[in-house]
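Work out the full structure, taking the sequences as your base and the hints as a guide.
As you go down the protein sequences, you meet chains A and B in turn.
At position 87 of the first sequence (counting the first as 1) the number is 87 in the UniProt record's numbering, and the numbers step up by one without a gap.
At position 17 of the second sequence (counting the first as 1) the number is 17 in the UniProt record's numbering, and the numbers step up by one without a gap.
All the pointers check out, no bait thrown in.
With a Cα cut of at most 20 Å, we get these calculated EDC-like pairs of lysine to aspartate or glutamate:
1) A:7 to B:260
2) A:132 to B:220
3) A:22 to B:21
4) A:22 to B:22
5) A:22 to B:24
6) A:475 to B:247
By construction, these hints were calculated from the structure, which means they are not laboratory data.
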Amino acid sequence: MHGRPRKPQKPVDDASIAKAAKLRVLQAQFFQNHHDKIYAKEALEISAKLLETNPEAYTAWNYRKLAVEHNLRSETDPDAIKAVLDEELRVVESALRRNFKCYGAWHHRKWVLNKGYSSVDHEFRLLDQFQKADSRNFHAWSYRRFVAALKNMSEEEELKYTTDMIETNFSNYSAWHNRSVLLSHLLKQKIEGFTPREKVLTEEYELVHQALFTDPDDQSGWFYHFWLLDQTVTPGAPVLVSSWPAHGSDLFVSFKGNLDGGVSSSFTSFCSDKGAFPLIIYFNQSVGGINSSTVTVKHLFDKNEDLIWVPLATNNSGNAQAWVTFLRFPDVKDDSLKAYPVEVKVGHSQCAFTVSLRSIDSKHGEGGSDMEMIVWKDDSFHASEPLLLSPPVVSLDQATTNKEPEQIDSRWHEETLANEIALFQELLSEINCKIGKLTLARLLRAHDKMIYKMPFADEKTHSKEVLDLFSDLMKLDPSHSRYYKDEHSLVLMEQVVSNRESLLTYCWKYGEAHPSYLCNPICLRLSKLSLSRIGSFENLLWVQMLDLSHNELWSIEGLEAMQLLSCLNLSNNKLRSFTALEPLKLLKSLKVLNISYNEIGAHSIDTSRYLFSSPLSHTVGDDWNIDAYVTDGVKMNYWEAAVIFKGLYLTQLDVVGNAIVDEKFNLFLTHILPSLVWLDGDRVY
Amino acid sequence: MEKLEVEKHAQYILSVEKRKDDFESVVMEHLRMNGAYWGLTTLDLLGKLEIVDKDEVVSWVMSCQHESGGFGGNVGHDPHILYTLSAVQVLALFDKLDVLDIDKLSNYIASLQNEDGSFSGDMWGEVDTRFSYIAICCLSLLHRLDKINVEKAVNYVVSCKNLDGGFGSIPGGESHAGQIFCCVGALAITGSLHHVDKDLLGWWLCERQVKSGGLNGRPEKLPDVCYSWWVLSSLIMIDRVHWIDKEKLARFILDCQDKENGGISDRPDDAVDVFHTYFGVAGLSLLEYPGLKAIDPAYALPVHVVNRIFFGQMKTCPTQQSSPRLQH
Ligand SMILES: [Zn+2]
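This is the structure we're talking about:
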């Protein structure tokens, strides 16, 4: 029931009782006929009367279909058939005039039309009436698509109809929507008059500008504009954007122990006790089908076809932006520092690096014990030591990719974006429009991504301007401030980690002594940046120690790409549940985790419940067996934690300061994490 | 902020159940099964489910089942998947799924799947992604998803995805918050949310919040309490609910209460009904309104009910059924 004013409650009046009684009689007669399968004229009239009073009485529509089938069983005269079906159309029409949102009535009409005896042109005339009365009625739009298909109408003609509707009223989201559907078909099929794509899109930009400039506060046109932007910048084939080991780097792999002092850069060192090191490749978009036939790795100690590539994704789609495989090295004592070359080729992209092996069989050089506790305090970190070599940041001079096949339309892309940017900068100088500002920020971002893709472009990025726009938006539109905040965080993070000078200011050396699993004691400290979301993982694949504490993170989506992580500090954020920690399940090197002072257990609604693998979403198979870890009593409360922790080998965990924590919970943790040495700063025995 | 009139809403729901003489209640008779689900779920969220006679409800529900296995909206009305889900949900609320002949019921639902993976609502062939959600939700609650071709079902739902990130009722249909709930829910239950562009859809959904704090279902439409459910649950399933102003929305819902006689309406000062009372209370539950039980965003049942179904009997194999028993 919608839009009916509330009236003071009074006893049901006699008129209503009489009306109800009449309807009840009609209904009873109808059900009797339906039950007895009576399809005579009088019986049909009763059902028509019922439907005209109450079109939602769906059983009556079903009854009429049965009646039509029954009465036409042996009818062959087309005129007689048409007469029967016309009567159905009449009943539907009068029902729709009472309630044009009635699903049953619209379906009954389709059912009749599908029999092929009725005039489709009449349907268009009827639709014109309905669509004039309510231009947003999605039943009518849906029915229009149905009859257009029935009549084999060309999509060009229907597109013309949307133009008419839009020009009558710019604020018709339904028409814009239908336009986007039709146009993407026409573009995809390269129908005459709809090539080249660039020409068509340019005309669409012009059309939507009229709408935006007429009423900048109406959302309809802006959504269409956003779709056009997406059509303009959609990336083509996947491109490799970074890897670990990074292109051009010299990796030192040591096994069973600490690195000695002879290694000059900690950014490219790795220790392993498994006789293998990870090779991670990271693409500009999510890709599937990465295997030894689509990726070629040349490496002395592995046959390419033996390599198994695994997608780094928390879902089971088989697609991911980051993929990992493990390269082996021989267990030999080789102090020759011989550098073995490795080459990786994917499509048009490639990268190359060298690997040198170091075996250290002495005790730890200067190292501490593996049992030592990592202390996430400011005075544990030093900036003093000059970091001679830079962290491997993806940038153009690093050129992990071969030049892509020249894109003919890249010039058009750039011009279009530049035009749009100029246009909206002008519009916004005159009016204060939130969705206009958001569009400008998106255009600037798209522009930056595009120049980033073009080799040797020396244009400056607009990150400062974009950050300002998002800050503005937070004030201008406080209801959606956390959306803008998330976008702001992603841009900020990109700004921080996308160039070497900036990134270096966030790199600190941990302690004097460190456990051997931490062979690279450089900690990336992105704490206290007020980040609510993280990204730019392509620049962070090398990180083994990461401090994200004292931010506002509600999600760590994407962190699964950081396969080298062994120490992670997420304390003092806004993580709401264990299900938000799903990416950790893929971080098999993780030893030290701090999730203290978050909001785990403080909320009755779990917002990542369905992004987490569980029986609720049928994303777990036979391996779903947490009964071994939890007793009945704690099952209901701690199953998420059990799923997260059962596959990890943590030696140190901090959970204090979350609502879920109590003695029982801590006891459960020590059960499920037998490797644990430190829990909340206390030694576990 | 206004406070939730728990007692009055519970009384209102009971009074609607009893009202039979006025025109409105006769017009609504065909969806009494939906009404039972809305009313009873609301009562459970309010902590008042014990005021109804469980056995009476269960036997009435079972009297709406047809030979085909499907349920009608009321006694004597034709079976339809819309009412079949409500029947299953009501039985789930009362922990009475064991009265069902689960195979018969799930065969009925499976028989409605079409070649392209879509679902018809009944034997008359109306196709809609609402029915995809219902089939998937229902079969999942019964541990019988294996009765249908899940992959095809998912692909059909994905084929209804629009360029604004939302979903329509059929391919090409305009995005609508109710339809989005159905499609996102179907994808959530089948572990297929990776087909959703969470940021794109999340932004479209959060833009449904208008100045008054209420949510609309499509751009440039009026806000309405029922979208508190459709939009909020979708935003929660894709973990983007913080993109709206929750407090403002809670205030809008509370302002739609009839503080004198109970019940919640679509907009402030409109006439109340059970449908909006349910969506208002469910919305407040998703907003973590104090004192309300939590509701699950995908199954649209209280979390404790869903957890009982999926985690309650984890010792036994999750797909194992209790022995079929038919009660009439
Ligand atoms: Zn409503």
